[in-house]
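Undergrad: Dock chain B against chain A, hints included.
One letter stands for each residue in the lines below.
Number of protein chains: 2
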Amino acid sequence: MTDAVTVYLEDLSVGQSLERAFTATNAAIRAFADVSEDHNPVHVDEAYAATTPFKGRIAHGALLNAWISATIAGGLPGRGSIYVSQSLTFKRAVKIDDVVTISLTVTDIQPKTGVVTLTTVASVGGKTYAKGVAEVIAPRKPV
Amino acid sequence: MTDAVTVYLEDLSVGQSLERAFTATNAAIRAFADVSEDHNPVHVDEAYAATTPFKGRIAHGALLNAWISATIAGGLPGRGSIYVSQSLTFKRAVKIDDVVTISLTVTDIQPKTGVVTLTTVASVGGKTYAKGVAEVIAPRKPV
Chain A
1 MTDAVTVYLE
11 DLSVGQSLER
21 AFTATNAAIR
31 AFADVSEDHN
41 PVHVDEAYAA
51 TTPFKGRIAH
61 GALLNAWISA
71 TIAGGLPGRG
81 SIYVSQSLTF
91 KRAVKIDDVV
101 TISLTVTDIQ
111 PKTGVVTLTT
121 VASVGGKTYA
131 KGVAEVIAPR
141 KPV
Chain B
1 MTDAVTVYLE
11 DLSVGQSLER
21 AFTATNAAIR
31 AFADVSEDHN
41 PVHVDEAYAA
51 TTPFKGRIAH
61 GALLNAWISA
71 TIAGGLPGRG
81 SIYVSQSLTF
91 KRAVKIDDVV
101 TISLTVTDIQ
111 PKTGVVTLTT
121 VASVGGKTYA
131 KGVAEVIAPR
141 KPV
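One line per chain: the protein sequences are A and B, in this order. For the first sequence, the residue numbers in full-length UniProt numbering are 1 to 143. For the second sequence, the residue numbers in full-length UniProt numbering are 1 to 143.
This is chain A alone, in the form it adopts within the complex (with noise of 0.2 Å):
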């Protein structure tokens, strides 16, 4: 495991963050289509695309998710955090060999529940693609 990294209820701050980048590849793309079984033509018929608005192949927007819960897993919390919700707006879209920046923020705390509330970004170039925020439940320190 490379993804070991846990930061502790107790040692999160707002205003914490973390980017990762991610490349859409055709592999990945072909990938998640057969996983989440979506083979929209859209992400996998390159003459079908060329006809969509895109004018080519494009990325599930659930990929940008899992790069967002990659991200979250990765290290903010990182691992033991338990993903409680998310929500994502796309604004573009994720070409074949885009690399895709996933940026966490910390904007909230709730000490009590372990709740902790996360922007989400996903940018290619500096401009973003999607956004959102998620809530995790960040593992406490053991005693």
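No wet-lab data here; the hints were simulated from the structure. Just to be clear, a hint being listed does not mean it is correct.
Identical copies go unnamed one by one, so any copy, or any two together, can satisfy a pair.
To be verified - Taking lysine-lysine and the BS3-like style, the derived pairs with C-alpha atoms no more than 27 Å apart in a straight line are:
{"hint": "1", "residue 1": "Lys141", "residue 2": "Lys55"}
{"hint": "2", "residue 1": "Lys91", "residue 2": "Lys131"}
{"hint": "3", "residue 1": "Lys141", "residue 2": "Lys131"}
{"hint": "4", "residue 1": "Lys141", "residue 2": "Lys127"}
{"hint": "5", "residue 1": "Lys112", "residue 2": "Lys55"}
TA: Just chain B, lined up with the frame of chain A:
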């Protein structure tokens, strides 16, 4: 393509619904971990997962979002629909081999913009495991 169904904006109505079932197989969870790069041990490490409140490995919450997206693309509104937003709150954890039913129901249609609002529910054995709201742009009937 088996997912080539389209329900055009003009043929959608409030209350219309679609259900589709997906199984959280070990293979699906491992494939999702690879494509999302989310190797949180609660998803992939049985020994670690046994020590958590879940008492075993669970599916990624983002996999439920992927299946919601697949159900939208698969028939409501189907091929050609554009994902605008998704919110999802996780209530219970999906375990290995759980059969997850995704239920979509149209709650609002905006004829001018083409934006259709759907409730999105993931359930196992009749119990709600996750629920939220999706907005999608439905394709219009070719003139």
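Undergrad: Could you run down the list of hints and mark each one as holding or not?
TA: How the hints compare with the structure:
For the identical chains of this complex, Lys141 and Lys55 are inter-copy neighbours only, at 20 Å across copies versus 50 Å inside a copy, given an alpha-carbon limit of 27 Å. Proximity of Lys91 to Lys131 under the C-alpha cut-off of 27 Å is found in both arrangements, the shortest distances being 8 Å within a copy and 22 Å between copies. For a Cα distance limit of 27 Å, the shortest separation of Lys141 from Lys131 qualifies neither inside one copy, at 30 Å, nor across copies, at 30 Å. In this assembly of identical chains, the alpha carbons of Lys141 and Lys127 never lie at most 27 Å apart, being 37 Å within a copy and 32 Å across copies at closest.
In this assembly of identical chains, the alpha carbons of Lys112 and Lys55 lie at most 27 Å apart only when taken from different copies (23 Å versus 49 Å within one copy).
Figure legend: structure checked against the earlier numbered hints; hints not met, in rising order: 3, 4.
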